[in-house]
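> Chains A and B supply the protein sequences, listed in that same order. Quick note on the numbering used here: the first sequence kicks off at 1 and runs consecutively. Quick note on the numbering used here: the second sequence kicks off at 1001 and runs consecutively.
Just so you know, these hints were derived from the structure itself, not from any lab. A quick note: this is a predicted structure, and the numbers were derived from the prediction, not measured. Any given hint might turn out to be false.
To be verified - Only pairs whose alpha carbons sit at most 25 angstroms apart, straight line, appear in this in silico SDA-like list of lysine to any residue:
#1 A:K76 <-> B:L1172
#2 B:K1124 <-> A:E42
#3 B:K1124 <-> A:H74
#4 B:K1200 <-> A:F170
#5 A:K49 <-> B:Q1128
#6 A:K75 <-> B:D1215
#7 B:K1280 <-> A:S112
#8 A:K76 <-> B:Q1211
#9 B:K1138 <-> A:T105
#10 A:K76 <-> B:D1171
#11 B:K1200 <-> A:H175
#12 A:K49 <-> B:F1129
#13 B:K1138 <-> A:E42
#14 B:K1269 <-> A:Q152
#15 A:K76 <-> B:K1200
#16 A:K76 <-> B:H1167
#17 A:K75 <-> B:V1176
#18 B:K1269 <-> A:G155
#19 A:K157 <-> B:K1280
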Amino acid sequence: MGIIEWIHYEDFDHARRLIDEIDRLHIPYVRIGFTWADWHEEHGDAWFKWLFEVLSAKADVLPCFVYTPVHEAHKKFDREANDYVPYAPYFPPKHPDHYVKFIDTMISRYGSFFTHLELWNEPNNKANWDRSFDPEWHMFGDMLRRASRLAQYRGKKVVLGGLSPIDPRFLDVLHTRGALDGIDVVGIHAFPQMTGWTTDWQGWDKNIAAVKQTLNNYGLDLPVWITEVGHSTFKNTVEEEEMQVTVFNEVLAAKAERVYWYCMFDLAREFNPTQDDEREYHLGIKHADGKPKLLYSKWLTQSQDTEQLIDK
Amino acid sequence: MLKQKLGICQWFHYEDRTAVESAVLHFGKLGVRHLRTDISWADASRPNGWKWYRWLYRELHSHGMQILPCVYLTPPSISENGNTNGPPQRLEDYADFIARCIDEVGQWIGPYIEHWNEPNNDIKWDQQFDPFEEGRKKQGSMLRMATKVAHQAGFKPILGGMSPIDHDWIDLMTGVGAMEYCEVVAIHAFPGMWNDTNWKGWDHMVEYFNQCFPDKPIWITEIGRATSSPEGSPDIQLECLNELALALQKHPILERAYWYSLLDLPQSKQEIEVTAGGYKEPAEHALGLVTEKGALKPAYARFKELLAQ
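Using the sequences provided together with the hints, build the complete structure.
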């Protein structure tokens, strides 16, 4: 079981708190968004280097390379308002070429810190890839195909940015774009007990079997990783905290080679003012002020027990 | 008629005389008149660099070619990033190099000179050293000086064909005065692949050109489609050529097009620009009308027909 956390550009404090917890809970895997947009910030290079160094000292790092910088993004014109829609990081790039080059650069600069890399995040979710520019994923498929082959050529394993929803038909689309050949691991995301986020939940094993079946159709036998799973405690009730534990235990039993729990800390409201779904703020296993939730306490006890076992 | 508008873009590797001889034979058979090829600043700076380019341009000219040279690739020793896609440490060096090109091979080229190749593409211009968000100041200044030199020497400058087609970049260049002497806007198109995966057709593009560059004709200095799978196929390449031919006949604003390319890039050779990790895309080796073994693809015969019309 690993952890996934999104850390804002140069939020050193957040990163340090996460690293302390990774240490305390003995978490072996961490998945972190290294955004293309942050790379273009003034100290993008230094920030990436620092974050890779401190994280990889404690855990295996899976970087997720995603999100278009403002100057690289397509512009979106709203005919009714007769004006451009404000930029969003999930707008596809004008130059898919530049994303491929960005991946090349990431491997050149930080390749020693990771064995696997993840290309994009939830590409079949319109909140992470604006399909109005690319309705049939022609651009995404081509970009993924090129970036994945380049990454493999350079000795890295490629994780497909987690599917959300877990819709095996998206794999069919990627296959027709020739984009599955460069994939080593398929990522999937689900929030099983969260209405609206995950609908008609059939359980992990059915979902994983469906993904594996689709891959089998193309002669592929790839590992499936659950790269995001979690549960929100937005009403701050005991029942929710217990449900978080239940969701955790269920995913532990799933037939997935690796799981990343979303996430460690509830989102700090002052740094994330624009979430339109209140539940987004409460997915942590610790409250924003550091107070542990039930799942955190159980995780900690378990890791201490394990430690004692090892010591004995 | 099309002979005046449709030519070929073919790069030649340093001292690859065999490729030049083969290309010249095909140019004759196809009836090609317009050729776009490179002057690599890096190669010209080698000890025998100018000897090679003088031979190349004299040879091509003697076969009746009207040549558009595309001048780019910074010598690594004077490049900010130590690579051919870095800005030169002294921006005026590029203008001086343009003057040198005119001295050395000016009698065989022109009247147009293309300044840089895909200057808005990170692979050909390392934006880390000259960020777009900071206005591409180095590139703008370099191109402004160089285009002025070409203009003063009696040539017609063009800014390197864009990929992707992006009026924001032209606006930046116009803002710093780099478009002052440029009569045309150059673009690149690889419909259905690379930066043009969601290609909507030439009619749609012409609408865009009319809106964004109302007073400038368009030169398509690279247009092509790979015959490799999944990027394309020999039939898809043929279709791409047919659509281009129709568009050239229909839209006067599309003044010139250079098909990319004549000869498939041999598997043993790198692209002219190499990215840091050295990865070669298979499609780069399948853009020609003629395969590495010399077989003619379906679009070859069609190209000949079109030029004969």
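> Are the hints correct? Go through all of them and say.
Hint check results:
1. For the hint pairing K76 of chain A with L1172 of chain B, the CA-to-CA distance comes to about 19 angstroms; that is within 25 angstroms, so the pair holds.
2. Taking the CA atoms of K1124 of chain B and E42 of chain A, the gap is near 22 angstroms; set against the 25 angstroms cutoff, the hint holds.
3. Only pairs whose Cα atoms come within 25 angstroms are accepted, and K1124 of chain B paired with H74 of chain A is accepted, the gap being roughly 20 angstroms.
4. As the CA atoms of K1200 of chain B and F170 of chain A are separated by approximately 23 angstroms, the hinted pair is consistent with the 25 angstroms bound.
5. The suggested pairing of K49 of chain A with Q1128 of chain B holds, with an alpha-carbon distance near 16 angstroms, which does not exceed 25 angstroms.
6. Of the pairs offered as hints, the one joining K75 of chain A and D1215 of chain B holds, with about 23 angstroms between alpha carbons and a cut-off of 25 angstroms not exceeded.
7. With a C-alpha separation of about 22 angstroms, the suggested pair K1280 of chain B and S112 of chain A falls inside the 25 angstroms cut-off, and the hint holds.
8. Of the supplied pair hints, the one linking K76 of chain A and Q1211 of chain B holds, its CA atoms being roughly 16 angstroms apart against a limit of 25 angstroms.
9. Taking the CA atoms of K1138 of chain B and T105 of chain A, the gap is near 22 angstroms; set against the 25 angstroms cutoff, the hint holds.
10. For the proposed pair K76 of chain A and D1171 of chain B, the alpha carbon gap of about 18 angstroms is at most 25 angstroms, so the pair holds.
11. For the hint linking K1200 of chain B to H175 of chain A, the alpha-carbon distance of about 23 angstroms falls within 25 angstroms, and the restraint holds.
12. A hinted pair counts as satisfied when its Cα atoms are at most 25 angstroms apart, and K49 of chain A with F1129 of chain B qualifies at roughly 19 angstroms.
13. The straight-line distance between the Cα atoms of K1138 of chain B and E42 of chain A is roughly 18 angstroms, inside the 25 angstroms bound, and the hint therefore holds.
14. For the suggested pair K1269 of chain B and Q152 of chain A, the alpha carbons sit about 21 angstroms apart, so the restraint of at most 25 angstroms is met.
15. A distance of roughly 16 angstroms separates the Cα atoms of K76 of chain A and K1200 of chain B; the hinted pair therefore holds under the 25 angstroms criterion.
16. For the hint pairing K76 of chain A with H1167 of chain B, the CA-to-CA distance comes to about 14 angstroms; that is within 25 angstroms, so the pair holds.
17. Between K75 of chain A and V1176 of chain B, the direct Cα distance comes to roughly 22 angstroms. Compliance with the 25 angstroms bound is thereby established for this hinted pair.
18. Under the criterion of a C-alpha separation no larger than 25 angstroms, the hint pairing K1269 of chain B with G155 of chain A is consistent with the structure, at around 22 angstroms.
19. In summary, the hint linking K157 of chain A to K1280 of chain B is supported, as the alpha carbons are separated by about 18 angstroms, within the 25 angstroms threshold.
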